[in-house]
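Peer 1: Start from the sequences and build out the full structure, keeping to the hints where you can.
Each protein sequence line maps, in turn, to chains A and B. With my numbering as the guide, the letters of the first sequence map in order to residues 1 to 340. With my numbering as the guide, the letters of the second sequence map in order to residues 341 to 641.
If you are wondering where the hints come from, they were derived from the structure by calculation, not from laboratory data. Incorrect hints may appear among the rest.
Computed spacing ranges between beta-carbons, pair by pair [claimed, not checked]:
{"hint": "1", "chain 1": "B", "residue 1": "A447", "chain 2": "A", "residue 2": "D147", "range": "31 to 39 Å"}
{"hint": "2", "chain 1": "B", "residue 1": "V637", "chain 2": "A", "residue 2": "D182", "range": "49 to 57 Å"}
{"hint": "3", "chain 1": "A", "residue 1": "G55", "chain 2": "B", "residue 2": "A624", "range": "32 to 40 Å"}
{"hint": "4", "chain 1": "B", "residue 1": "S512", "chain 2": "A", "residue 2": "Y145", "range": "39 to 47 Å"}
{"hint": "5", "chain 1": "B", "residue 1": "S608", "chain 2": "A", "residue 2": "S152", "range": "50 to 58 Å"}
{"hint": "6", "chain 1": "B", "residue 1": "D353", "chain 2": "A", "residue 2": "D182", "range": "33 to 41 Å"}
{"hint": "7", "chain 1": "B", "residue 1": "S608", "chain 2": "A", "residue 2": "G55", "range": "33 to 41 Å"}
{"hint": "8", "chain 1": "B", "residue 1": "E606", "chain 2": "A", "residue 2": "D82", "range": "38 to 46 Å"}
To give an idea of the chain B side of the interface with chain A (calculated C-beta under 8 Å), a few residues [what the hints assert, rightly or not]:
{"hint": "9", "residue": "G351"}
{"hint": "10", "residue": "Y352"}
{"hint": "11", "residue": "R362"}
{"hint": "12", "residue": "T369"}
{"hint": "13", "residue": "R463"}
{"hint": "14", "residue": "G468"}
{"hint": "15", "residue": "A469"}
{"hint": "16", "residue": "E471"}
{"hint": "17", "residue": "R476"}
{"hint": "18", "residue": "G477"}
{"hint": "19", "residue": "I478"}
{"hint": "20", "residue": "R632"}
{"hint": "21", "residue": "P636"}
{"hint": "22", "residue": "V640"}
{"hint": "23", "residue": "G641"}
All C-beta atoms, glycine included, are put in the ideal place defined by N, C-alpha and C.
Each chain is listed here by its residues.
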Amino acid sequence: MRDTSSPHPTSAASAGPGPIVVLEDFTVRYGKFTAVDRASFSMPPGACGLLGQNGAGKSSILKAVLGLIRPAGGTARVVGFDAVRQGIELRDHVGYMPEKEAYMPGLSGLDSVILAGRLSGLPKGVAKQRAHEVLWLVGLDEARYRDVAGYSLGMKQKVKLAMALVHDADLLFLDEPTNGLDPEGRVEILTLLKDLVRVKKKSLILSSHILADVEALCEHAVLIDHGRIVAQGTIEELTRGALRSYDVRIDGDLQAFTEKLRSSGILVETAAPAASASSTDPALAASVEVRLADEQTTAIVFEIARAVGARLRRFEPKRRTMSDVFLETVAANAPSGGRS
Amino acid sequence: MTTIHDFGLRGYDGDRVGVRERILAITTTEIRRIFSKKMFLVFFFLMMAPAIMAFVIVWIRFIVIEGSGQLMGFGNRMERMAARGPFGGSILDVDFYFDLLRGGGTALTLIFSGVVGAGIIARDRAAGALELYFTRGIRPISYFLGKFLTVWFLLLCQVLFGFLIVWIFAVSVAPTDSGYFSETWPFIPRLIAAQAFFCATLAFWLCALSTSTDSVRFAILRWIGVLAVLRIVAGILNKLFMTPSTHLVSPHQVVKRIAQAIAGAEPSDMSLESSILVWGVLCALALYWTRRHLRPVEIVG
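Peer 2: Here it is in structure tokens:
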């Protein structure tokens, strides 16, 4: 049998700030169906979100990152390993936390994590010691000696995270880590992940439908749609507005201000009528979103406010959320006549 | 919320162990899990009934009736050992050890194998554990081997260890002039090989069948049911066509026939060559079945 105790090749995670995942023209086909179409992206160390609708190709990317798939074309390099040729070695240095409920039946939390460590090549004694440490880290104290089948969902998530961490993974792949958790459990897991990234300098890829989680945790994101990478970059770059949109709040006659803006050819969006009517927040009631065309300067908004006798209380460039980015990108890349 | 402490997530720069240690990790963890259940221990000792009965037979023949053989109708020690009792034949014969309790041993082995082995991978599938295994540094074949070794070991515990204990006990209490050791020793290695083959085949088929379901109960019922039904079908066909080759329908009969040949036990009336052929086809099918149902690409993600 083959010995997988070969020395760790140059690992991006430990070697420096180079990309931790690099896919180049990566193509995956199942029969005639192309699941991933010449995907190219590189992910620097840190936290990266992987976003896409169901069936967009996220799972295929995940399998590529784990070295479980033989591509029809292209290359994938993950933490310094060739994911196609060195899948086994790669998985010794990558941690994976599945979305679905998954546990080792009949084993305690401790035994599950020990087994996970040993399967990743840790000697028995080391696996035992590290299992205790990692379970303590994720917040499973005495419960570690109980059968995992009797754990709450949040505790099961913690065991899965401990299993992903125990072998000193350079990169964690987390598939919907907060799925099904109550708000308290979600905050707990997110705080733990933030600590891992920011304090322990771990790298992770987060696949989640909860875009607020991605925004809160990740510095980078990759958007995939119909098997193609449609956007990638830092969260800062992706959420920067394409249009020059501003949040404007005034003290004064909002209706007159709005009409004057529109008559000057400026796009204005007020808060939803129902929301503004029922709102007791005067700030919301007096807020509008103003979109300026390229030739229009911000000075015109100030002039109009002065003209209607209103005082500007707030004038801020509006940022898009990841949700906006996701929906706009998917809509822009939808095939004609297809989904929008 | 627990905060991160420095000792909570240390790096690991040491060597990683090889494939063999990883397979053994699966096997030892699984065996420890199974033997930690009290219900299993009770069941295990129930399934050891043939060995216990053989133990009693040896004890009676060597110790209880020692010196009073005339009362039991036996002339001397060799006659007593060679005598056929109600639960088994001569304790000098390979058949006595090959199939304790005249077939009762094999029947219990089949039940035992179903209970301990039929659900071994089904249980992992139901709990989503396959995804956890296949995203580690092992191949599906290593995972399968780990489970196979577990079932093989448990079956050997039930079949081989029981008879070996009986034999060792008999050697230790047999009168030195009886020739018990010299009569039985020649067939013991072949008997061990036969039982190991029999258990390995059952373990392989069990694990292969277990890959395709996530219901442990269904897996057990399917194993015991299919073997029992095929055995009955083979019996019916035999009565109808009056030919021993109809027993080839029963996988259990097939593997037992080959084991008989290895042990040098009294063979059943099936053809050995045909049995080996059927065995080969069944193993090839089991291998195909395993490969089809243990694909990481379909299980992960």
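Peer 1: Evaluate each hint against the coordinates.
Peer 2: Status of each hint after checking the structure:
1. B:A447 <-> A:D147: 31 to 39 Å: Cβ of A447 of chain B to Cβ of D147 of chain A: about 33 Å, so the range 31 to 39 Å holds.
2. B:V637 <-> A:D182: 49 to 57 Å: Given about 33 Å between the Cβ atoms, the range is violated.
3. A:G55 <-> B:A624: 32 to 40 Å: Because 36 Å falls inside the window, the suggested range holds.
4. B:S512 <-> A:Y145: 39 to 47 Å: holds (42 Å)
5. B:S608 <-> A:S152: 50 to 58 Å: Holds - the Cβ-Cβ distance for S608 of chain B and S152 of chain A, about 56 Å, lies within 50 to 58 Å.
6. B:D353 <-> A:D182: 33 to 41 Å: holds (39 Å)
7. B:S608 <-> A:G55: 33 to 41 Å: Cβ of S608 of chain B to Cβ of G55 of chain A: about 56 Å, so the range 33 to 41 Å is violated.
8. B:E606 <-> A:D82: 38 to 46 Å: Cβ of E606 of chain B to Cβ of D82 of chain A: about 58 Å, so the range 38 to 46 Å is violated.
9. G351: holds (5 Å)
10. Y352: Holds, because the Cβ-Cβ distance from Y352 of chain B to chain A comes to roughly 4 Å (cut-off 8 Å).
11. R362: With Cβ-Cβ at 5 Å, under 8 Å, it holds.
12. T369: It holds, given that the least Cβ distance between T369 of chain B and chain A is near 5 Å, below 8 Å.
13. R463: holds (5 Å)
14. G468: Holds. Min distance 3 Å.
15. A469: holds (5 Å)
16. E471: holds (5 Å)
17. R476: Interface hint status for R476 of chain B: holds (4 Å vs cutoff 8 Å).
18. G477: holds (4 Å)
19. I478: holds (6 Å)
20. R632: violated (16 Å)
21. P636: Interface hint status for P636 of chain B: holds (5 Å vs cutoff 8 Å).
22. V640: holds (6 Å)
23. G641: holds (4 Å)
Hint check: violations occur at hints 2, 7, 8 and 20; the rest are consistent with the structure.
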